[in-house]
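Protein chains: 2
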Amino acid sequence: MRIDQRKNRIEIPDSSPDYLSVVDMGINTHQEPVAYMRRDCHICLAEGFAASSRISLSYKERSIIATLNVVDERVLSHGTIGLSHIALQRLHVTPNSKILVEHAPVVTSLSAVRKKVFGQKLSDDDITRIIEDISDHRYSDIEIASFLSVCVGSRLDIDEIVGLTKAMVNCGKRLHWPGHTRVFDKHCIGGLPGNRTTPLVVSIVSAGGLLIPKTSSRAITSPAGTADTMESLTTVTLNLADIQRVVVETGACLAWGGAVNLSPADDLLIRIERALDLDGEGQLIASVLSKKIAAGSTHAVIDIPVGDTAKVRTHKEAERLASLFTDVGAACSIQIRCVITDGSQPVGRGIGPVEEARDVLSVLQGSAGDLQDLRERALFLSAHLFSLANGESLERSLEKSAEILDGGKAWQQFQRIVNAQGGLKNLPSAKYQHIEYAQSEGTLTAIDNRQLARLAKLAGAPSTHTAGLRLHVRLGDTVSNDVPLFTLMTESTGERDYALDFYRQQSSIFTIEPKCGDNSDE
Amino acid sequence: MRIDQRKNRIEIPDSSPDYLSVVDMGINTHQEPVAYMRRDCHICLAEGFAASSRISLSYKERSIIATLNVVDERVLSHGTIGLSHIALQRLHVTPNSKILVEHAPVVTSLSAVRKKVFGQKLSDDDITRIIEDISDHRYSDIEIASFLSVCVGSRLDIDEIVGLTKAMVNCGKRLHWPGHTRVFDKHCIGGLPGNRTTPLVVSIVSAGGLLIPKTSSRAITSPAGTADTMESLTTVTLNLADIQRVVVETGACLAWGGAVNLSPADDLLIRIERALDLDGEGQLIASVLSKKIAAGSTHAVIDIPVGDTAKVRTHKEAERLASLFTDVGAACSIQIRCVITDGSQPVGRGIGPVEEARDVLSVLQGSAGDLQDLRERALFLSAHLFSLANGESLERSLEKSAEILDGGKAWQQFQRIVNAQGGLKNLPSAKYQHIEYAQSEGTLTAIDNRQLARLAKLAGAPSTHTAGLRLHVRLGDTVSNDVPLFTLMTESTGERDYALDFYRQQSSIFTIEPKCGDNSDE
Numbered sequence: 001m002r003i004d005q006r007k008n009r010i011e012i013p014d015s016s017p018d019y020l021s022v023v024d025m026g027i028n029t030h031q032e033p034v035a036y037m038r039r040d041c042h043i044c045l046a047e048g049f050a051a052s053s054r055i056s057l058s059y060k061e062r063s064i065i066a067t068l069n070v071v072d073e074r075v076l077s078h079g080t081i082g083l084s085h086i087a088l089q090r091l092h093v094t095p096n097s098k099i100l101v102e103h104a105p106v107v108t109s110l111s112a113v114r115k116k117v118f119g120q121k122l123s124d125d126d127i128t129r130i131i132e133d134i135s136d137h138r139y140s141d142i143e144i145a146s147f148l149s150v151c152v153g154s155r156l157d158i159d160e161i162v163g164l165t166k167a168m169v170n171c172g173k174r175l176h177w178p179g180h181t182r183v184f185d186k187h188c189i190g191g192l193p194g195n196r197t198t199p200l201v202v203s204i205v206s207a208g209g210l211l212i213p214k215t216s217s218r219a220i221t222s223p224a225g226t227a228d229t230m231e232s233l234t235t236v237t238l239n240l241a242d243i244q245r246v247v248v249e250t251g252a253c254l255a256w257g258g259a260v261n262l263s264p265a266d267d268l269l270i271r272i273e274r275a276l277d278l279d280g281e282g283q284l285i286a287s288v289l290s291k292k293i294a295a296g297s298t299h300a301v302i303d304i305p306v307g308d309t310a311k312v313r314t315h316k317e318a319e320r321l322a323s324l325f326t327d328v329g330a331a332c333s334i335q336i337r338c339v340i341t342d343g344s345q346p347v348g349r350g351i352g353p354v355e356e357a358r359d360v361l362s363v364l365q366g367s368a369g370d371l372q373d374l375r376e377r378a379l380f381l382s383a384h385l386f387s388l389a390n391g392e393s394l395e396r397s398l399e400k401s402a403e404i405l406d407g408g409k410a411w412q413q414f415q416r417i418v419n420a421q422g423g424l425k426n427l428p429s430a431k432y433q434h435i436e437y438a439q440s441e442g443t444l445t446a447i448d449n450r451q452l453a454r455l456a457k458l459a460g461a462p463s464t465h466t467a468g469l470r471l472h473v474r475l476g477d478t479v480s481n482d483v484p485l486f487t488l489m490t491e492s493t494g495e496r497d498y499a500l501d502f503y504r505q506q507s508s509i510f511t512i513e514p515k516c517g518d519n520s521d522e
Numbered sequence: 001m002r003i004d005q006r007k008n009r010i011e012i013p014d015s016s017p018d019y020l021s022v023v024d025m026g027i028n029t030h031q032e033p034v035a036y037m038r039r040d041c042h043i044c045l046a047e048g049f050a051a052s053s054r055i056s057l058s059y060k061e062r063s064i065i066a067t068l069n070v071v072d073e074r075v076l077s078h079g080t081i082g083l084s085h086i087a088l089q090r091l092h093v094t095p096n097s098k099i100l101v102e103h104a105p106v107v108t109s110l111s112a113v114r115k116k117v118f119g120q121k122l123s124d125d126d127i128t129r130i131i132e133d134i135s136d137h138r139y140s141d142i143e144i145a146s147f148l149s150v151c152v153g154s155r156l157d158i159d160e161i162v163g164l165t166k167a168m169v170n171c172g173k174r175l176h177w178p179g180h181t182r183v184f185d186k187h188c189i190g191g192l193p194g195n196r197t198t199p200l201v202v203s204i205v206s207a208g209g210l211l212i213p214k215t216s217s218r219a220i221t222s223p224a225g226t227a228d229t230m231e232s233l234t235t236v237t238l239n240l241a242d243i244q245r246v247v248v249e250t251g252a253c254l255a256w257g258g259a260v261n262l263s264p265a266d267d268l269l270i271r272i273e274r275a276l277d278l279d280g281e282g283q284l285i286a287s288v289l290s291k292k293i294a295a296g297s298t299h300a301v302i303d304i305p306v307g308d309t310a311k312v313r314t315h316k317e318a319e320r321l322a323s324l325f326t327d328v329g330a331a332c333s334i335q336i337r338c339v340i341t342d343g344s345q346p347v348g349r350g351i352g353p354v355e356e357a358r359d360v361l362s363v364l365q366g367s368a369g370d371l372q373d374l375r376e377r378a379l380f381l382s383a384h385l386f387s388l389a390n391g392e393s394l395e396r397s398l399e400k401s402a403e404i405l406d407g408g409k410a411w412q413q414f415q416r417i418v419n420a421q422g423g424l425k426n427l428p429s430a431k432y433q434h435i436e437y438a439q440s441e442g443t444l445t446a447i448d449n450r451q452l453a454r455l456a457k458l459a460g461a462p463s464t465h466t467a468g469l470r471l472h473v474r475l476g477d478t479v480s481n482d483v484p485l486f487t488l489m490t491e492s493t494g495e496r497d498y499a500l501d502f503y504r505q506q507s508s509i510f511t512i513e514p515k516c517g518d519n520s521d522e
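So the sequences go chain by chain: A and B. Per the working numbering, the first sequence starts with residue 1, numbered consecutively. Per the working numbering, the second sequence starts with residue 1, numbered consecutively.
The reader is advised that the hints may include incorrect statements.
You can't tell identical chains apart in this list, so a pair holds if it fits in one copy or across any two.
[To be verified] Below 16 Å or equal to it, Euclidean Cα-Cα: the simulated EDC-like pairs (lysine to aspartate or glutamate) are:
{"id": "1", "residue 1": "Lys425", "residue 2": "Asp477"}
{"id": "2", "residue 1": "Lys115", "residue 2": "Asp279"}
{"id": "3", "residue 1": "Lys115", "residue 2": "Asp277"}
{"id": "4", "residue 1": "Lys173", "residue 2": "Glu132"}
{"id": "5", "residue 1": "Lys98", "residue 2": "Glu61"}
{"id": "6", "residue 1": "Lys60", "residue 2": "Asp448"}
{"id": "7", "residue 1": "Lys409", "residue 2": "Asp157"}
{"id": "8", "residue 1": "Lys425", "residue 2": "Glu491"}
{"id": "9", "residue 1": "Lys316", "residue 2": "Asp406"}
{"id": "10", "residue 1": "Lys121", "residue 2": "Asp157"}
{"id": "11", "residue 1": "Lys316", "residue 2": "Asp370"}
{"id": "12", "residue 1": "Lys515", "residue 2": "Glu441"}
{"id": "13", "residue 1": "Lys173", "residue 2": "Asp242"}
{"id": "14", "residue 1": "Lys425", "residue 2": "Glu160"}
{"id": "15", "residue 1": "Lys121", "residue 2": "Glu160"}
{"id": "16", "residue 1": "Lys60", "residue 2": "Asp242"}
{"id": "17", "residue 1": "Lys316", "residue 2": "Asp342"}
Everything labelled a hint here was simulated from the structure, so no lab data went into it.
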């Protein structure tokens, strides 16, 4: 439509030039590009723009859609347009560049979103157009929020999830592994604080000869994603060439997927999912599988923890999700094996990027100590990958995994990977460490994973790598007023106080049941 | 939570003052308050704020939630915080006021929104908390978008709609009419361009002795709402006292509901509905009835036009909606009568605030001419109100309505109302008027109401009152290349060209079928 408009304009003598000179407003509007124009700007008047209009900005061959903020005369001089950081970045312009400003083109895929909003099924074509427009940044945040909100729960059927997965793969880059017919991957659907098995599993199975080019995401709704944890240990922002090099060199990598655009649409969806604290089944499957497929994987093991306060609450639900993963995988030609695990309490002791990294190092270095749960879970998942690879029994595969870990081969392999990615960093410690004690005596019978994760997030995780907490208790432990439950780690007093306020209002995070004895004494 | 935080802070020696000095950024961010803080601001660092964080701003007893934009050092000096227009307005502050800046409190009703997102039913309490938080501006735009998107279609059951209606009434102001046991109202659910019967019906029935304190909304997804149309004729932004005065004086009013906060939550929802072009059944009913109830109405007639391209497409759908309206009304003690009308083509000839106002005046002044459809529809709806009021037959009530309109009593009454509201304005004409002719010969067999409405909106309606179009044809008319289909009205060439580009791409707005004769000639 833009071209037509230009043509028409040229025919119209009284039409005014639509080029404005760029000004850097020095404003960070996060991912939504914002343009600032004078209320009396001739283009605002000519085009009928108003605050929050969606407008099109073009420079050379590139054009983006931005949200308009109208500013007072004093803020900008005539003939100029202010841009936020992300707008400057996406449009590839510098101050004083002359850009073309027009009505945003009608984004036709939005009618498909409306279809879904009203409960109709989306066709592959609908989904492809929606995902293309989202990855081309044509959607506003509220439009993405609307799309996500009507796709969660079980509102996407298997055809739609397959379509979404393929669309996400097609709009991004892809990795290829010439000479390898089988490429492996693992994933945990999350919901369990501290469950940081990936660096362990990747080290174990690649030490065992499997090719596993692992790209991980940052946290979506949790206090830490594998990418956040690995970033506290080494460089995870690798480009495709780096990943190829590291994998060819070591048979594995532990990189951040977001940096290589394997699924650009997914990264945009995840930002809004995080803001809305949504994590829908359909997107979950499409998000996970699209990245595995884009990474060139042919086989993957998926860890589904089940627990009252985990992401998946019942076995029935887990089995449903597992069969969806397997079916969608099959439709997208990737072999999936789902493993349903215990999700009743956190894994390991650390929660938050740095604290989880500490646990990973301890297990790798053979000093698991009170981290047996993390160690065993990593061995279990590695075993499943081995048996998926060579058809051996789980028992034999478990032995093999344990030999590799206990023999120090996994630790050597982890160091090779980390060195190939830029070397091992020293782990910093949080500036403020607050020890919280139990308020009553008895047995710890339940831990609310969600509230505990929220507590770690309020402490600043994952954006502050050292923020989070370290658990000192496990289910079944006997506690009393002098027993520390956890140490809260923060870099600021504001976050510490805010997190503790929240904790004190959530009596339900730790359930402590008095011993029968205590009662009979009375 | 804020108070706790303050308390804690006082106990913490190293905590820094959380008061910043206000700067007017001169930026209009529409309805979402935005705060601008330096990247290195001590509060950003202490509290761990980042771009797009939700933060709480407090001044005296008032506090609001705003979205944070982080700015470069050069933009603001230390110790200051920039606010957008709406933030300054809602917080009631002026530059240099010292405001408290903190983490936004956890908005607990969002967990209820998540419940609905995942398909669960909302309790009255859930709905009450959601609506209270929305009307207190605690929701971000994407949060409102998420809530709306999962409530459209038939996703709200009758209990939820009743709960939503009551919640909307309770969070706003209410009008009372002492001495009147019966108060009347009318509403059209829309979807039919030009269907501007309200000013006519209000004049007719109030001239006939019914009390009808009419408050109308602005356009949601249409090119004009009654409030937009009336605003081109007189003052519609009346406060409660003005409305009381006008109604006591004349027995009626034609005011904009948004100005009197009758349903503040609804006004905030409608803004996002408009941006997403959503108009859900549940919100529709709650939105309509909450305003009627808040206006003190006891009886209302609701016009439901049915047509292939109207908001309601089938009779079945209309009957379903009608019974929902009636049942929800009964549960909220307001008597509703729904009238299902023809929605196959626009009503009257004008589309857009000013052009629709012209039609209203013509009918009132007894020169209906080619506006018989508008005239008859107004008489029909007035008759239903009269028969609802006094139980008389529809025939008798139709005669009575016609007498009042044809006898000039309605016009006199309209003038009394308008004078009480501030006097009658002269209608301006659009700066650019483009006549579009038919492209082929034959009979006009269909008009796409939605596309026609979109065309008028692209021309600038409703925000530009003179923008829109004037139809020159009706279904069944014979047209040829020299027959004008419509005149497009715009105030800018940009909008004219954009609208015409759209029209030329939408061959489907007018369906012209060649006469059989034309074919047999070949």
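Comparing the hints with the structure gives:
no. : hint            : result
1   : Lys425 x Asp477 : neither (34 Å within a copy, 79 Å between copies)
2   : Lys115 x Asp279 : between (21 Å within a copy, 13 Å between copies)
3   : Lys115 x Asp277 : between (24 Å within a copy, 12 Å between copies)
4   : Lys173 x Glu132 : within (13 Å within a copy, 45 Å between copies)
5   : Lys98 x Glu61   : within (13 Å within a copy, 46 Å between copies)
6   : Lys60 x Asp448  : neither (53 Å within a copy, 37 Å between copies)
7   : Lys409 x Asp157 : neither (43 Å within a copy, 60 Å between copies)
8   : Lys425 x Glu491 : neither (19 Å within a copy, 62 Å between copies)
9   : Lys316 x Asp406 : neither (35 Å within a copy, 70 Å between copies)
10  : Lys121 x Asp157 : within (8 Å within a copy, 21 Å between copies)
11  : Lys316 x Asp370 : neither (31 Å within a copy, 66 Å between copies)
12  : Lys515 x Glu441 : within (8 Å within a copy, 91 Å between copies)
13  : Lys173 x Asp242 : within (14 Å within a copy, 63 Å between copies)
14  : Lys425 x Glu160 : neither (42 Å within a copy, 54 Å between copies)
15  : Lys121 x Glu160 : within (8 Å within a copy, 24 Å between copies)
16  : Lys60 x Asp242  : neither (30 Å within a copy, 55 Å between copies)
17  : Lys316 x Asp342 : within (14 Å within a copy, 50 Å between copies)
Going down the numbered hints, you'll see the structure goes against 1, 6, 7, 8, 9, 11, 14 and 16, while the others check out.
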